[in-house]
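Asker: Take a look at the letters that make up each chain.
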Amino acid sequence: MSLNILRFVMPSSQGEISLSDLKKGQSGRVIAIDADDPVNQRLMIMGLLPDMQVTLVKIAPLGDPIAVQFEGRVVSLRRAEASRVRLEPLSA
Amino acid sequence: MSTVTASPPKTLHVALIGNPNTGKTSIFNVLTGLRQRVGNYPGVTVEKKVGTIFLPEGPGYLVDLPGTYSLAASSLDERVVVDVLSGHTPGVARPDVIICVVDATNLQRNLFLASQVADLGIPMVIAVNLWDAAIKSGLKIDLEELSERLGVPVLPTVGRRGTGVELLGKAVAEAFEEKRCMVKLAWPREINAAVEDIRKTIGEHAEVPLTDVEIRRMIFDADSAVLRRLDASGIGVRAAIDRARESIRKLGMNPMAAEALLHYRHLEKVLAGVITAPEQIATGATESIDRLLLHRGWGLVAFLSMMYFVFQSVYTWAGPFMDLIDAAKGWVQDLVAPMFDSMPMLQSLVTDGLIEGVGAFVIFLPQILILFFFIALLEDTGYMARAAFLMDKLLSWCGLNGKSFVPMLSSYACAIPGILATRTIEDNKTRLATILVAPFMSCSARLPVYILMIGAFIEPRYGPWVAGFTLFVMHFVGLAVAIPVAWVVTRFVLKTKGKPFVMEMPPYRVPRLRDVIWRMWSGAQEFIVRAGTIILAITVIVWALLYFPRPESVAEETAAAFIAEQSLEQNSTVQAVIDELEDPESELSAELGRQIDSAYLNQSYMGRAGKALQPIFAPAGFDWKITVGVLASFPAREVIISTLGVIYALGGDVDEESGDLRTALANAEWHHGPLAGTPVFTIPVALAIMVFFALCSQCGATMAVIVKEAGWKWAVASFFLMTSLAWIGAVLVYQIGTALG
Numbered sequence: 001m002s003l004n005i006l007r008f009v010m011p012s013s014q015g016e017i018s019l020s021d022l023k024k025g026q027s028g029r030v031i032a033i034d035a036d037d038p039v040n041q042r043l044m045i046m047g048l049l050p051d052m053q054v055t056l057v058k059i060a061p062l063g064d065p066i067a068v069q070f071e072g073r074v075v076s077l078r079r080a081e082a083s084r085v086r087l088e089p090l091s092a
Numbered sequence: 001m002s003t004v005t006a007s008p009p010k011t012l013h014v015a016l017i018g019n020p021n022t023g024k025t026s027i028f029n030v031l032t033g034l035r036q037r038v039g040n041y042p043g044v045t046v047e048k049k050v051g052t053i054f055l056p057e058g059p060g061y062l063v064d065l066p067g068t069y070s071l072a073a074s075s076l077d078e079r080v081v082v083d084v085l086s087g088h089t090p091g092v093a094r095p096d097v098i099i100c101v102v103d104a105t106n107l108q109r110n111l112f113l114a115s116q117v118a119d120l121g122i123p124m125v126i127a128v129n130l131w132d133a134a135i136k137s138g139l140k141i142d143l144e145e146l147s148e149r150l151g152v153p154v155l156p157t158v159g160r161r162g163t164g165v166e167l168l169g170k171a172v173a174e175a176f177e178e179k180r181c182m183v184k185l186a187w188p189r190e191i192n193a194a195v196e197d198i199r200k201t202i203g204e205h206a207e208v209p210l211t212d213v214e215i216r217r218m219i220f221d222a223d224s225a226v227l228r229r230l231d232a233s234g235i236g237v238r239a240a241i242d243r244a245r246e247s248i249r250k251l252g253m254n255p256m257a258a259e260a261l262l263h264y265r266h267l268e269k270v271l272a273g274v275i276t277a278p279e280q281i282a283t284g285a286t287e288s289i290d291r292l293l294l295h296r297g298w299g300l301v302a303f304l305s306m307m308y309f310v311f312q313s314v315y316t317w318a319g320p321f322m323d324l325i326d327a328a329k330g331w332v333q334d335l336v337a338p339m340f341d342s343m344p345m346l347q348s349l350v351t352d353g354l355i356e357g358v359g360a361f362v363i364f365l366p367q368i369l370i371l372f373f374f375i376a377l378l379e380d381t382g383y384m385a386r387a388a389f390l391m392d393k394l395l396s397w398c399g400l401n402g403k404s405f406v407p408m409l410s411s412y413a414c415a416i417p418g419i420l421a422t423r424t425i426e427d428n429k430t431r432l433a434t435i436l437v438a439p440f441m442s443c444s445a446r447l448p449v450y451i452l453m454i455g456a457f458i459e460p461r462y463g464p465w466v467a468g469f470t471l472f473v474m475h476f477v478g479l480a481v482a483i484p485v486a487w488v489v490t491r492f493v494l495k496t497k498g499k500p501f502v503m504e505m506p507p508y509r510v511p512r513l514r515d516v517i518w519r520m521w522s523g524a525q526e527f528i529v530r531a532g533t534i535i536l537a538i539t540v541i542v543w544a545l546l547y548f549p550r551p552e553s554v555a556e557e558t559a560a561a562f563i564a565e566q567s568l569e570q571n572s573t574v575q576a577v578i579d580e581l582e583d584p585e586s587e588l589s590a591e592l593g594r595q596i597d598s599a600y601l602n603q604s605y606m607g608r609a610g611k612a613l614q615p616i617f618a619p620a621g622f623d624w625k626i627t628v629g630v631l632a633s634f635p636a637r638e639v640i641i642s643t644l645g646v647i648y649a650l651g652g653d654v655d656e657e658s659g660d661l662r663t664a665l666a667n668a669e670w671h672h673g674p675l676a677g678t679p680v681f682t683i684p685v686a687l688a689i690m691v692f693f694a695l696c697s698q699c700g701a702t703m704a705v706i707v708k709e710a711g712w713k714w715a716v717a718s719f720f721l722m723t724s725l726a727w728i729g730a731v732l733v734y735q736i737g738t739a740l741g
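Residue numbers (this note's numbering), protein chains in the order written: chain A, 1 to 92; chain B, 1 to 741.
Among these hints, one or two may not hold up.
Straight-line Cα separation of at most 30 angstroms, DSS-like style, residue types lysine-lysine; simulated pairs [as the list claims (entries may be wrong)]:
id : chain 1 : residue 1 : chain 2 : residue 2
1  : B       : Lys269    : A       : Lys24
2  : A       : Lys23     : B       : Lys393
3  : B       : Lys499    : A       : Lys23
4  : B       : Lys429    : B       : Lys393
It is worth saying that the hints were derived from the structure and are not from the lab.
Construct the entire structure; sequences and hints are all you get.
Answerer: Right, dumping it as structure tokens:
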């Protein structure tokens with residue numbers, strides 16, 4: 001754990017990234033979800049809410065889609081969709 | 001407690017709801033056993049499953065609603081759930097009690113749906129399923145406290161083993177009698193006021209007064225079915241809805257997010273202290289398995305080997321059973337035929353029409369059963385979501401998604417199980433696109449045509465290597481055409497571009513054998529009942545077109561000409577030939593029989609149509625005999641072999657390996673026109689025929705299944721699309737091939 005922190009020192013104030021920008025194994029905290037977007041609405045219904053921590057757990061062999069984990073659920077979505085979820089990056 | 005009443009107990013209507021992957025189907029199967037029926041909801045292709053549940057007061061109806069995450073009605077499945085629960089589905093009563101199945105390992109997320117449904121004010125029972133998995137992972141859930149706080153009976157169940165399921169019936173009766181509804185979310189004042197505002201706007205316009213829940217759906221859903229219904233009947237409520245959304249914004253919430261936020265906030269309060277999570281959640285088996293199965297390299301290897309195994313099984317295991325069915329069909333035909341010896345027309349109708357037609361759909365059962373076995377395994381273990389994850393990129397650019405892969409691959413064995421397998425695709429438009437694409441895959445019924453053409457024309461001239469290569473290439477012709485078709489259709493007709501593909505990857509689970517078997521059985525049963533009749537009808541119609549008209553004079557003239565020809569050839573008297581024909585076992589009378597069959601076919605409606613339509617196929621180099629073969633093959637493409645056999649007076653029993661047929665084709669010449677005297681079957685013609693059969697919609701059974709799964713419109717569209725592409729393909733191949741020499 002501590003080694004990882006040394007490798008990815010990312011202060012939480014560093015700014016916004018998208019869910020698609022996460023590296024494998026990296027986590028982020030959901031800033032606010034633009035719920036006018038149907039994909040985001042679907043994700044919220046599945047339990048991805050503001051302030052929640054989400055981790056990118058798998059990347060498909062062809063680079064897309066990705067699988068993310070939040071609150072015990074693993075959900076796969078395409079990068080195009082993931083790029084619409086804004087995050088505050090957390091250390092890996 | 002309930003009061004004892006004198007009136008007989010009412011038959012209760014119970015609905016089973018829950019998120020996908022919660023083991024809801026297992027619970028349904030345990031509750032109903034074999035007392036269940038599968039059908040469709042009116043107007044949509046969502047599977048409707050109803051069965052009988054035993055309650056203390058007697059049997060009740062149980063309907064298994066599609067698995068959904070919410071009532072947001074953004075998919076067909078969700079819309080069906082909303083409609084049934086609101087009592088808006090014709091033929092399905094509004095449920096008296098709801099059994100909500102939740103996943104014990106993810107209680108809060110799963111209770112979101114229950115919390116939405118609580119709003120409807122229908123008594124509820126909560127089945128906390130996968131209880132064993134929760135205990136194993138160290139979760140502690142205080143069920144008594146949970147039941148107390150939610151206000152409804154809460155039962156732990158293990159659907160896969162049936163544990164606890166037997167208590168659901170009693171709980172349902174109790175919930176009904178005591179009107180035990182789940183605790184409702186207290187909506188903020190502003191939202192309640194907005195609901196009233198909208199109700200006033202609608203006024204007395206609505207035929208059925210809308211419930212609060214339906215009105216809230218209009219506020220929260222970007223694309224609401226209720227709103228569209230009102231729009232359609234000219235009731236303008238959009239302004240009131242905008243006012244409602246504005247007041248939610250004033251509360252500091254995005255109106256589209258408000259529902260999720262409020263429900264989850266509510267649940268957090270309700271569940272506080274009920275669940276004790278272990279300090280350290282053990283890395284489950286799922287994670288370790290995924291490390292291999294979703295690995296960049298090994299994951300693909302595992303996936304391809306698995307798919308190869310499934311495909312090989314459908315392709316090869318079904319073979320002996322199909323041969324057996326074919327043999328049984330022949331046996332029944334031989335058995336039945338003598339009963340109608342005095343009535344040749346009826347004999348032909350029964351053997352060549354009816355029995356042939358029944359055989360034509362029963363023959364698909366082995367493949368359907370085997371494929372459904374694997375699909376049930378792939379889905380129930382949780383691997384299907386992984387397969388879709390691995391393959392999505394490959395298919396997304398042409399508008400399909402990862403879930404289209406298995407149906408497309410299985411269509412290489414046979415499009416019928418392939419199309420039935422599209423039921424695993426949740427998104428309806430993607431499903432329709434996959435149904436359109438599936439019949440282009442080179443199914444096993446195309447193989448005889450390829451083998452006949454390659455064996456007769458390619459191999460003798462270019463040798464086995466080129467022959468094998470041609471066969472290989474033929475298997476990709478359909479796919480190569482289907483991909484641009486999918487791209488165009490999804491982009492311009494279905495407009496699925498940008499359609500999200502958000503899918504949960506459930507933990508791996510051991511499937512329940514009985515669920516797997518039930519899936520195979522219900523798939524096969526539905527195919528027989530729904531598609532069987534259409535296939536039978538098509539077969540009988542084509543039989544009639546090949547049989548009629550049937551004037552006796554045709555047989556007499558053919559016989560007279562045959563006798564004259566034979567006596568000339570054998571240098572014997574006419575009487576000697578007639579004497580020889582007296583013996584029905586003789587070679588000569590068999591030959592005459594084949595010539596009469598051929599003569600009848602030539603002047604049948606189908607034969608006439610072939611001659612009349614030949615000009616259409618002339619640009620592809622087809623003569624009228626090939627045209628008849630093509631036309632007669634619309635119910636089933638493999639029929640071309642036996643039709644050509646009859647046309648060339650070899651009898652209908654020839655097969656693609658038959659040397660006689662190959663020789664007859666090779667010797668066929670044009671009798672009229674500019675090509676008179678040259679062979680009909682040149683290499684470009686043989687290739688054009690193969691391309692035509694690769695692309696053409698020549699399968700009544702496939703059509704019947706498309707009608708059932710997607711409706712008449714799609715079946716007609718598929719037919720004309722495939723058939724016109726086949727014609728274009730054949731013409732291009734012939735013209736280019738001939739030009740190149």
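Asker: Now, for every hint given, state plainly whether the structure supports it.
Answerer: Going down the list of hints, with the structure as the test:
1. For the hint pairing Lys269/B with Lys24/A, the CA-to-CA distance comes to about 33 angstroms; that exceeds 30 angstroms, so the pair is violated.
2. With a CA separation close to 19 angstroms, the supplied pair Lys23/A and Lys393/B stays within the 30 angstroms bound.
3. Restraint check for Lys499/B and Lys23/A: the C-alpha separation of about 24 angstroms stays at or below 30 angstroms, so the hint holds.
4. Taken as a hint, the Lys429/B and Lys393/B pair is honoured in the structure, with Cα atoms around 18 angstroms apart against an allowance of 30 angstroms.
In summary, the one numbered hint that this structure violates is 1.
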